[in-house]
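Sequences listed follow chains A and B, in order. Per the numbering used here, the first sequence starts with residue 171, numbered consecutively. Per the numbering used here, the second sequence starts with residue 171, numbered consecutively.
Each hint should be verified, as a subset may be incorrect.
The list makes no distinction among identical chains, and a pair is therefore deemed to hold if it is satisfied within one copy or across any two copies.
Here are the simulated SDA-like cross-link-like pairs (lysine to any residue), alpha carbons at most 25 Å apart as the crow flies [stated by the list, open to error]:
{"hint": "1", "residue 1": "K185", "residue 2": "N253"}
{"hint": "2", "residue 1": "K260", "residue 2": "I194"}
{"hint": "3", "residue 1": "K192", "residue 2": "K295"}
{"hint": "4", "residue 1": "K261", "residue 2": "T280"}
{"hint": "5", "residue 1": "K260", "residue 2": "S203"}
{"hint": "6", "residue 1": "K347", "residue 2": "E181"}
{"hint": "7", "residue 1": "K261", "residue 2": "D190"}
{"hint": "8", "residue 1": "K184", "residue 2": "P296"}
{"hint": "9", "residue 1": "K261", "residue 2": "R288"}
If you're looking for bench data, these hints aren't it; they were derived computationally from the structure.
There are 2 protein chains.
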Amino acid sequence: MKFGDKGIEMELLKKRICKDGKVIGEDILKVDSFLNHQMDVQLFQEIGKEFKKRFEAEEISKILTVEASGIGVACITAQYFNNVPVVFAKKYIARNLDAEVYESKVFSYTKGTEYFIRVAKEYLKPEDNVLIIDDFLAQGSAVTGLLDIVRQAGARVAGVGIVIEKSFQEGRETILKNNVRLESLVRIRSLAGGKIDFVD
Amino acid sequence: MKFGDKGIEMELLKKRICKDGKVIGEDILKVDSFLNHQMDVQLFQEIGKEFKKRFEAEEISKILTVEASGIGVACITAQYFNNVPVVFAKKYIARNLDAEVYESKVFSYTKGTEYFIRVAKEYLKPEDNVLIIDDFLAQGSAVTGLLDIVRQAGARVAGVGIVIEKSFQEGRETILKNNVRLESLVRIRSLAGGKIDFVD
C-alpha cells in the first residue's frame, strides 16, 4: 500500500452508513445510532481489525484519541494492537499553564469556538510510536491538535486512523501536509441533496 | 449474592491502585495512568469479565455510561455481555428543550457547578434492561442523573457497576436509596493521611 493511499474501504461500514446514517443539510452526517452516541461494539471490533490490517507493519506503542467519541473506537482497536495503552486528550475551554501537560489549541468549525486539548506529559514519551484514532475527519482541526501534541512529546506518529472522512472538507489535505500516513475506513465525497456519495 | 452486597473485590485492581494510584489531599485518588486518562485495556477486560460475573443472571440489553471516562470501560465491558449497544450520556452546560432527548441535571461537587446530561430518546426504550457503568463513585451525582434518565425512558435498571467507589462519600447511600443493585469492584474506606484504606 502506498503512502497516503486510500486502501480498500470497508463495505460493512459503508452499508451501515447507508442504512442508519442521516444527512442533515449539505455537510452533516449523523451516525449517532452506531458511532458517537449509541455505540455498536461489534462494528467497532471490525473497525479495529481493519485498522490493524492497515497498520500491520507498524510497532504501535500507544493509541491517542480525543474525548469523547473517539474513546470507544480507540479502546476496542487497542485490543488488536496487543492491548497497547490508549490515551485520550481532554478538552478544556481555557488555556492552562501547567508544566506537566502538552497542550494544543483547536478551532471548532461546527461551534465557531476554540478550545484546548491536553495530555499529561508522562503518558507520551519520545520513544513512543503513536497511532492517532478518531471517529470523524472534517476540517481536521482536532487531529492537527493531536499531531501537535505528539510532536511536542518528541514521539513518532505511525499514522492517523479515521472511521469516516468527509472528503469534501479540508481535513485530508491538512493532515497529509504534515507528512503523516492517513487511513480513513470510509471516505465521503459529497452529501449534497441528502445523498451519501462515497469516494470509490 | 445478596441485594446490595459488596461481593468479592478485585485483587488485581486493588494491587494496581496501590501501585499506581496517587492520593491528593484527603479525598482525591488519581488513577489517570490506567483508568481515566491513559487507559489499560487489558485491565478493562478483567473489569468487564468481573461485571459479567456479578450481573450474570441479568439479561442486559444496553449499557449506559456518561462521557468521557466511563466510555472505555463501558465499551470493553459490553463485549462480555454479547456486544450489547453502549450509550453514553453527553454533558452540556445549558439546559435544552429538545423534545427528542431525556435530560437530567447533575451537580458537580468537584467543580462546584451544575451541568446537564442528555440521551436521545430513541436509544433508551421501555423494554430495555440497562446496566449503568461508571469509573468512579463519589457523591453519586452523575449516576443519579443516569438513573433519572432511565426512569424517564420507562426502562428497567438491572444495576450499577462501578470500578472504584469512595465509600467515605455519599454515593453508595444515595444510589441504594433508589432501590437498585450496586456493584463496586473496589471500595475505598479512607484516603486520610495519604493512605489507601480498602473496605474489606
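The hints, checked one at a time:
1. Taking the shortest alpha-carbon separations for K185 and N253, only the inter-copy value of 19 Å comes in at or below 25 Å, while the best intra-copy value is 28 Å.
2. Taking the shortest Cα distances, K260 and I194 sit within 25 Å of each other only across copies (20 Å), while inside one copy they are farther apart (28 Å).
3. Taking the shortest Cα distances, K192 and K295 sit within 25 Å of each other only across copies (20 Å), while inside one copy they are farther apart (40 Å).
4. Taking the closest pair of Cα atoms, K261 and T280 come within 25 Å of each other both inside a single copy (15 Å) and across two copies (17 Å).
5. For the homomeric pair K260 and S203, the shortest alpha-carbon distances inside one copy (24 Å) and between copies (14 Å) are both at most 25 Å.
6. Taking the closest pair of Cα atoms, K347 and E181 never come within 25 Å of each other, the shortest separation being 28 Å inside a single copy and 48 Å across copies.
7. For the homomeric pair K261 and D190, the shortest alpha-carbon distance between copies (24 Å) is at most 25 Å, but the shortest distance inside one copy (29 Å) is not.
8. Proximity of K184 and P296 under a CA criterion of 25 Å is satisfied in neither setting, with 37 Å inside one chain copy and 30 Å between copies.
9. In this assembly of identical chains, K261 and R288 lie within 25 Å of each other by CA distance both inside one copy and across copies; the values are 7 Å within and 19 Å between.
Figure legend: structure checked against the earlier numbered hints; hints not met, in rising order: 6 and 8.
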